[in-house]
Amino acid sequence: MTSADTDMAISSRDAAPPRPRWQVVLIRPETVTFLLLILAAIGASWLSPFFADIAYILESFTYYSEFAIVALVLTMVIISGEIDLSGASMMALSACLFGVTFQAGFPIPVAIVVSLVSGALMGAFNGILVIHMQLPSIIVTIGTLTLYRGLAQVIAGDRSIGKFPSWFIGLDYRLILDVPVPVIIFFVASPILALFLGTTALGRQIYQIGTSPIAARHAGIRVRQIKMGLFIAMGVASAIAGLMTASRLASVRYDLGTGGELQMVLIVMLGGTYIFGGRGTILGTFLAAWLLVIIATGMTVANIAINAQLTVLGLLLIFSIIATNAIYARTQR
Amino acid sequence: MLVLFAIVVGIIQPRFLSLDTLRIVMLAVPLIMVAAMGQMMVLVARHVDLSIGSVLGFSAIVAGMAFRDIPEMPWWLGFVIAISVGALLGLANGAVVTIFRLPSIIVTLGTLSLYRGVLFLISDARQVDPQYIPRPLIEMSQTSPLFGIPWIVIIALGIAFATYLFLDHTRIGRQIYAIGSNPSAAPLRGIRVVPVTLLVFTLSGALSGLAGVMYASRFGYVNPSITGVGFEFTVIAAVVIGGVSINGGVGTVLGTVLGVILLGAVSVALPILGVSAFWQDAIFGAVIIVALIIDRSVRQSGIKGANLGRPSVNAPSVSTPSAGIGA
Numbered sequence: 006m007t008s009a010d011t012d013m014a015i016s017s018r019d020a021a022p023p024r025p026r027w028q029v030v031l032i033r034p035e036t037v038t039f040l041l042l043i044l045a046a047i048g049a050s051w052l053s054p055f056f057a058d059i060a061y062i063l064e065s066f067t068y069y070s071e072f073a074i075v076a077l078v079l080t081m082v083i084i085s086g087e088i089d090l091s092g093a094s095m096m097a098l099s100a101c102l103f104g105v106t107f108q109a110g111f112p113i114p115v116a117i118v119v120s121l122v123s124g125a126l127m128g129a130f131n132g133i134l135v136i137h138m139q140l141p142s143i144i145v146t147i148g149t150l151t152l153y154r155g156l157a158q159v160i161a162g163d164r165s166i167g168k169f170p171s172w173f174i175g176l177d178y179r180l181i182l183d184v185p186v187p188v189i190i191f192f193v194a195s196p197i198l199a200l201f202l203g204t205t206a207l208g209r210q211i212y213q214i215g216t217s218p219i220a221a222r223h224a225g226i227r228v229r230q231i232k233m234g235l236f237i238a239m240g241v242a243s244a245i246a247g248l249m250t251a252s253r254l255a256s257v258r259y260d261l262g263t264g265g266e267l268q269m270v271l272i273v274m275l276g277g278t279y280i281f282g283g284r285g286t287i288l289g290t291f292l293a294a295w296l297l298v299i300i301a302t303g304m305t306v307a308n309i310a311i312n313a314q315l316t317v318l319g320l321l322l323i324f325s326i327i328a329t330n331a332i333y334a335r336t337q338r
Numbered sequence: 090m091l092v093l094f095a096i097v098v099g100i101i102q103p104r105f106l107s108l109d110t111l112r113i114v115m116l117a118v119p120l121i122m123v124a125a126m127g128q129m130m131v132l133v134a135r136h137v138d139l140s141i142g143s144v145l146g147f148s149a150i151v152a153g154m155a156f157r158d159i160p161e162m163p164w165w166l167g168f169v170i171a172i173s174v175g176a177l178l179g180l181a182n183g184a185v186v187t188i189f190r191l192p193s194i195i196v197t198l199g200t201l202s203l204y205r206g207v208l209f210l211i212s213d214a215r216q217v218d219p220q221y222i223p224r225p226l227i228e229m230s231q232t233s234p235l236f237g238i239p240w241i242v243i244i245a246l247g248i249a250f251a252t253y254l255f256l257d258h259t260r261i262g263r264q265i266y267a268i269g270s271n272p273s274a275a276p277l278r279g280i281r282v283v284p285v286t287l288l289v290f291t292l293s294g295a296l297s298g299l300a301g302v303m304y305a306s307r308f309g310y311v312n313p314s315i316t317g318v319g320f321e322f323t324v325i326a327a328v329v330i331g332g333v334s335i336n337g338g339v340g341t342v343l344g345t346v347l348g349v350i351l352l353g354a355v356s357v358a359l360p361i362l363g364v365s366a367f368w369q370d371a372i373f374g375a376v377i378i379v380a381l382i383i384d385r386s387v388r389q390s391g392i393k394g395a396n397l398g399r400p401s402v403n404a405p406s407v408s409t410p411s412a413g414i415g416a
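Top to bottom, those sequences are chains A and B.
Per our numbering, the first sequence runs over residues 6 to 338.
Per our numbering, the second sequence runs over residues 90 to 416.
Just chain A, with the same shape it has in the complex (with noise of 0.2 Å):
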C-alpha cells in the first residue's frame, strides 16, 4: 500500500498529466498530411475543373504509383532506423536486367524472375554493407544509388531496350472495375503492409528496433535478420517498381525512374515518418502518395514545367521533415 502510494506520487510529481485523448488521437502527423491532401484537392479542382473526374485522379496516380509502392516498403525501412536512398537505381537495374535478359532470347516471365532475383540480391547487398559491416546506411546507399545506376548504363549503354508482346506492355492502360492495375497493385499493397506493420509481433518489432536497438537487442529481438529482411523487401519492391516503369513505358533505359529517390524520400516523410525511426504508419505514407499526385498534377495543369516543379518537391520534403519533427517534439515530450 505504501509503496503504491509513494509511486503515486513520485509518477504524479515527475510525469506531466496524460493528454487528453482527442489530443492524442489528433495531433499526429497523419492528420496533417490528411488536411493537407484535402486541401490540395480543393485547391487544384478550383485551379482546373478535370479534378472533379475521379478518372483523371487515377490515371495521373499510375504516373507515380512505382515510387509510391516502393515509398510503402521505405517507410518500414525507416521506421527501424535505417534508410535506403538506392531505390530508384534498384528500379533501373533490376529493369535493365529484365529488358537485356529478354532481348537475349528468353520469354517474359524468365526475365521477370531474373529482375526479382536481382532486386532481392541488390537489397542483400545493401543489407550486408549495413549489417553486417555495420557502415552507415546513408552514406551506403549513396554508394549503391551510384553503383547500381552505373551498372545498369554498363549493361544496357544509352540505348532503350524494348519490342516487348503486347500482353506485358501498357499495364497503366488496363482497367479494372475502372481503375487502372498499377492503382490496384498500390491499393492491394498498402492494407497488406499496413496490418503488417500495425498488428503482427514482426510488425511492432520493426517499431522497437527503430526506437533503440540496442534494447531491441536485448529484449531478444533479430534486429540483425528482420533489418536484412527489410532491405531485401526493398530491392523486391523496387524490381516490380521497376518492372511496373517497364511496362508502361514499353521500354527500358538507364535512366528510368532519375531522381526517384527524392519522390520515394518525399513520400515517406509527408506521411509523417519519423526521420530518426520508431514511429511512422504506411496510412501516413499512403495520404501522402495521393497528395504528392494531386500537387504534381495539379502544378502540371498550371502549366509549371517539370523541372521548376522541382522547387517544390524540395520545399515539401524540408517543410514535413519541420512539421513532423515539431509534433512528435511537441506530443511525445
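No wet-lab data here; the hints were simulated from the structure.
Backbone N, C-alpha and C fix where the C-beta goes; we use that ideal spot for every residue, glycine too.
One thing to keep in mind: the hints can contain errors.
So these bits of chain A aren't anywhere near chain B, every CB distance computed over 12 Å [what the hints assert, rightly or not]:
(1) I181
(2) A199
(3) F281
Which chain A residues face chain B? A few, computed with CB under 10 Å, are given here [said to hold, decoys possible]:
(4) M138
(5) I143
(6) T149
(7) A161
(8) G162
(9) I190
(10) Y259
(11) V306
(12) A310
(13) L318
(14) I323
(15) F324
Following the hints, position chain B against chain A.
What follows is chain B alone, placed relative to chain A:
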C-alpha cells in the same frame, strides 16, 4: 589511411604518367578539388552536403547571367557573385539543419531539388552561351603563370592549402574536428556548435560557388540542366576515398587531395585504356563502397562504430586527425 592511399596512387600513377595524361588530369580535377574541400569540412563536422551540385549550377547560372546581361561588368566580379551566392545557399542549408536540428542528409536532399528548381525559374531554362563568358575567365583554364600549370589548377591548390591552414592551425578549424568526433561533448568544452556548423555549411556553399565560376571558365558555357548535375556523388566519392570518415572527426586535406587526384586520374584513364565511359558511374559507386569498407576496418581497432551517429556509443574519441599530415 593516408599511407594506404598514397601507395594506391603510387601504383596507379606511373601508368598514367607514361601515357602523358598529367595535363588532362590537372584540368579535370580543380572543380572537384575545390568542392571537395568544402565537403570534407562538412563530413568532418559529422554532416553531409548533398546540394553542392545544385549550388554549383545555381552560382554558375547567376554569374553567367550577370555576364550576359551586364556586358560592362568586370570579369572578376563573376567570382564575387558566384562565391556570395554559393555562401548564401550554404548558409541556408546550415540554418535549416541547426535551427530545426534535422539530419543534414535529408535537408540537403531537399535543397538539392529546391535550388535546381529555383535555378530553372530564374534562368528561364535558357543556357548562357559561350560568347557571353568573358575571355579572361576562359583563358584562366588555358594560360598559366608558371610551369605550364593553368590558373584554375593554381586556384584549386591554393584553396587546398588555405583549407589545410584553416583546419589545422586555427582554433575554429580544430573545433570542427571536436564537433565531429563527439557532438555532445563539444559544447561541454565550450565550443559553440551552432555558429561553427553554420560556418562549415557556408564555406561548403561558397567553395561550390567558386567551383561554379570555374565551371564557366573550364567549359565556356552554363546550362541549367547540365551544369553540376550528379556532381555531389563525384565529390563525395573523392572525399571518402581520401580517407575522410563519414562518422565525423577524421580526415585530412592531404588525403582529400590524393582522393581527388586518384578519382580524376581514374576518370581520365578510362577512355584512354579503352574502357567505355559507361563504366564511370559504376566505378565511382564501387569506389565509395570500397572506401567505406576500408575506413571501417581501419577504425575497427580504435573506435567502436557508432551507428547513424548516435553519440552515446562513441566513447571518448581516440582519433588524432592531424597525425597523418606529417607522414
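Status of each hint after checking the structure:
no.	hint	in the structure
1	I181	holds (34 Å)
2	A199	holds (24 Å)
3	F281	violated (8 Å)
4	M138	holds (6 Å)
5	I143	holds (5 Å)
6	T149	holds (6 Å)
7	A161	holds (9 Å)
8	G162	holds (6 Å)
9	I190	violated (27 Å)
10	Y259	holds (8 Å)
11	V306	violated (18 Å)
12	A310	holds (7 Å)
13	L318	holds (5 Å)
14	I323	holds (4 Å)
15	F324	holds (9 Å)
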